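Student: For reference, the chains in residue letters:
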Amino acid sequence: MNHHSRPIAIVCAILVGFGGGAHAFVNEAISMAFEAATPYVEQGFEVREDNWSGEVEPGKPLLIRHQLFRGNEYWFWAGTSWPGATIKVDIFDNEGNSVGLESFAKGSFAGVRSLPQKTATYFIRVVATYEKTGKALTAAERGANDPVAGVGEFPGVLDWGLVYGYR
Amino acid sequence: MSQPLPAVFRHLIVALVFRAMLPGLGMAQEGGVPSSPERINLTNFPGELVDKVVVPIPAEIFAVLDKLDEPDWNSGIQLPAAMDRGGERSLLALTFGSLVAEGFIAVQAKNAGEIESIGKRVLDLSESLGLASSVRPHSLAIIEASKNRDWAKVRDELDATQQTVRTTMEKLRDDELSGLVSLGGWLRGTNVVTSFISGSYSEDKAELLNQPGLIAHFREMIASMRGPAASMPAIRGIATGLARLEAIITEPGNLSEEDINQLRDISRDLLEEFYFAKSAS
Chain L
1 MNHHSRPIAI VCAILVGFGG GAHAFVNEAI SMAFEAATPY VEQGFEVRED
51 NWSGEVEPGK PLLIRHQLFR GNEYWFWAGT SWPGATIKVD IFDNEGNSVG
101 LESFAKGSFA GVRSLPQKTA TYFIRVVATY EKTGKALTAA ERGANDPVAG
151 VGEFPGVLDW GLVYGYR
Chain A
168 MSQPLPAVFR HLIVALVFRA MLPGLGMAQE GGVPSSPERI NLTNFPGELV
218 DKVVVPIPAE IFAVLDKLDE PDWNSGIQLP AAMDRGGERS LLALTFGSLV
268 AEGFIAVQAK NAGEIESIGK RVLDLSESLG LASSVRPHSL AIIEASKNRD
318 WAKVRDELDA TQQTVRTTME KLRDDELSGL VSLGGWLRGT NVVTSFISGS
368 YSEDKAELLN QPGLIAHFRE MIASMRGPAA SMPAIRGIAT GLARLEAIIT
418 EPGNLSEEDI NQLRDISRDL LEEFYFAKSA S
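Residue numbers (my numbering), protein chains in the order written: chain L, 1 to 167; chain A, 168 to 448.
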């Protein structure tokens, strides 16, 4: 997807998602991760098209291996599309030491920045969580609407997507 | 008692709140916060290791090389004459990856003429792979962006071209071919990087070749190939060459100038299996 069309695509995806009640699409999670990356393109980060995605049980950490080069600066951005779910992303070197210099985790989006001290394989940890309380409850679960079979029910897994950029 | 908001406004508010949560985009704009130092146990990780390997594009390494030196990228462009691959899809996939890498070299050189030639060759090759309809928009965008000297856009489209081809292959359950596209790109990128480093060696530059994880990935990929392609001389030659590359890179200590020269020569040998014409020797 063209980077310029991503903001429009993601807003449409959110609107369609909330209107239709179908949320757990992996592509939507990737779109959200790309959306988190969009502001950084203006800072000179080149965002890769290739990415990681899938579905995971809430709270189960995922570990992703990736080759980084000393001399580049990296941001990794993660997203999940299930309403009320949250996501976190961290980065570690091959000895398990955290090497994130800066990070944010705001609901469905998260990011971490790193300046690798050596060219090597690094490990990115993604954790998506979902607690069915308070704001995490869907409208149907709160009783705002009559529940419709299969609509708005938590499927037991969360979608997730991870993208990265370098400069 | 307040009336519920109409659905369209609820949706709009939710969308705006989502945007506001993004740094740099909305009202709740905030800088990042420092991560708390933490250690994890990689040998006993309490979760799931994701199998997928994302292979860095050559431009990622080129970006570092540009910070360390001023390579003459024009001298690195070596677009070979089109060769008849006899419709062998494995070789076409490898060649496709190398051609895209050639495009990344031409972008570093800011050579619009070469980028245009490469864009056309990419499209020709995609026709042989039966993927022209997916590639054509990218190919045209590459040529257009190079005319406008929008180099970031050219890089973006080259990456998108490769990703489109790989995704299409994976949808057709042809993961082998998809992996070969990545391998072709990695080999061409490695070859040009080692050529430059061997011309003006430094340990900082040589460290860029410290990629044992990627070589292991490619070796596993070739070893897992099935069908007639697996026994082709070119593929067997690549398997042997990757083992030679791995032996050099996994040696303890820094990569020496001699190591870099060997990596350059081996990667050239591997490219001569499908991309460059074989040298007279």
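Don't read these hints as lab results, they were simulated from the structure. All of these numbers come straight from a predicted model, not from anything done at the bench. Cβ coordinates follow ideal geometry from the N, Cα and C atoms, glycine included. A portion of the hints provided could be inaccurate.
[Unchecked claim] Where chain L lies over chain A, by a calculated footprint (3+ residues, C-beta under 8 Å):
hint, segment
1, 212 to 223
2, 230 to 244
3, 355 to 367
4, 377 to 383
[As the list claims (entries may be wrong)] Distance condition first, Cα-Cα at most 20 Å in a straight line; then the derived SDA-like pairs of lysine to any residue:
hint, chain 1, residue 1, chain 2, residue 2
5, A, 338, L, 55
6, A, 287, A, 308
7, L, 118, A, 383
8, A, 234, L, 46
9, L, 60, A, 209
10, A, 287, A, 244
[What the hints assert, rightly or not] So the derived label-pair ranges between C-beta atoms look like this:
hint, chain 1, residue 1, chain 2, residue 2, range
11, A, 407, L, 129, 43 to 53 Å
12, A, 213, L, 118, 24 to 34 Å
13, L, 156, A, 219, 32 to 42 Å
14, A, 307, L, 117, 40 to 50 Å
15, A, 446, L, 118, 27 to 37 Å
16, A, 301, L, 153, 49 to 59 Å
17, A, 417, L, 97, 33 to 43 Å
18, L, 129, A, 367, 17 to 27 Å
19, L, 97, A, 294, 44 to 54 Å
20, L, 97, A, 248, 30 to 40 Å
Student: Compare the structure with each hint and give your call.
Tutor: Now for the hints, and whether the structure bears them out:
1. Requiring three or more residues with a Cβ within less than 8 Å of a Cβ of chain L, the coverage given for the segment 212 to 223 of chain A holds, as 11 such residues are present.
2. Interface restraint, the segment 230 to 244 of chain A with chain L: holds (4 residues with C-beta to C-beta distance below 8 Å; minimum three).
3. Only residues whose beta carbon comes within less than 8 Å of a beta carbon in chain L count, and the segment 355 to 367 of chain A has 0; fewer than three means the coverage is violated.
4. Given as covered by chain L, the segment 377 to 383 of chain A passes the check, having 5 residues with a CB less than 8 Å from a CB of that chain where 3 are the minimum.
5. The hinted pair formed by residue 338(A) and residue 55(L) meets the criterion: a straight-line CA distance of about 18 Å does not exceed 20 Å.
6. Annotation: proposed proximity of residue 287(A) to residue 308(A) holds, straight-line Cα distance about 11 Å (limit 20 Å).
7. For the hint pairing residue 118(L) with residue 383(A), the CA-to-CA distance comes to about 19 Å; that is within 20 Å, so the pair holds.
8. Taken as a hint, the residue 234(A) and residue 46(L) pair is honoured in the structure, with Cα atoms around 16 Å apart against an allowance of 20 Å.
9. Among the hinted pairs, residue 60(L) with residue 209(A) is consistent with the structure: their alpha-carbon atoms are about 15 Å apart, no more than 20 Å.
10. Note on residue 287(A) and residue 244(A): the hinted pairing holds, with a Cα-Cα distance of about 16 Å set against a maximum of 20 Å.
11. For the pair residue 407(A) and residue 129(L), the beta carbons lie near 47 Å from each other, so the given range of 43 to 53 Å is met.
12. Checked against the hint of 24 to 34 Å, the C-beta distance between residue 213(A) and residue 118(L) comes to roughly 26 Å, which is consistent with it.
13. Distance hint check: the CB atoms of residue 156(L) and residue 219(A) are about 22 Å apart, inconsistent with the given range 32 to 42 Å.
14. Taking 40 to 50 Å as the suggested C-beta distance range, the pair residue 307(A) and residue 117(L) conforms, at roughly 41 Å.
15. Between residue 446(A) and residue 118(L) the C-beta distance comes to about 35 Å, which sits within the given range of 27 to 37 Å.
16. Distance hint check for residue 301(A) and residue 153(L): the Cβ-Cβ separation is about 36 Å, which falls outside the suggested range of 49 to 59 Å.
17. Against the hinted window of 33 to 43 Å, the Cβ-Cβ separation of residue 417(A) and residue 97(L) comes to about 22 Å, which falls outside the hint.
18. The given range of 17 to 27 Å is broken by residue 129(L) and residue 367(A), whose C-beta atoms sit roughly 50 Å from each other.
19. With their beta carbons about 49 Å apart, residue 97(L) and residue 294(A) fall inside the hinted range of 44 to 54 Å.
20. Remark: the range hint 30 to 40 Å for residue 97(L) to residue 248(A) is contradicted by a beta-carbon distance near 49 Å.
Figure legend: structure checked against the earlier numbered hints; hints not met, in rising order: 3, 13, 16, 17, 18 and 20.
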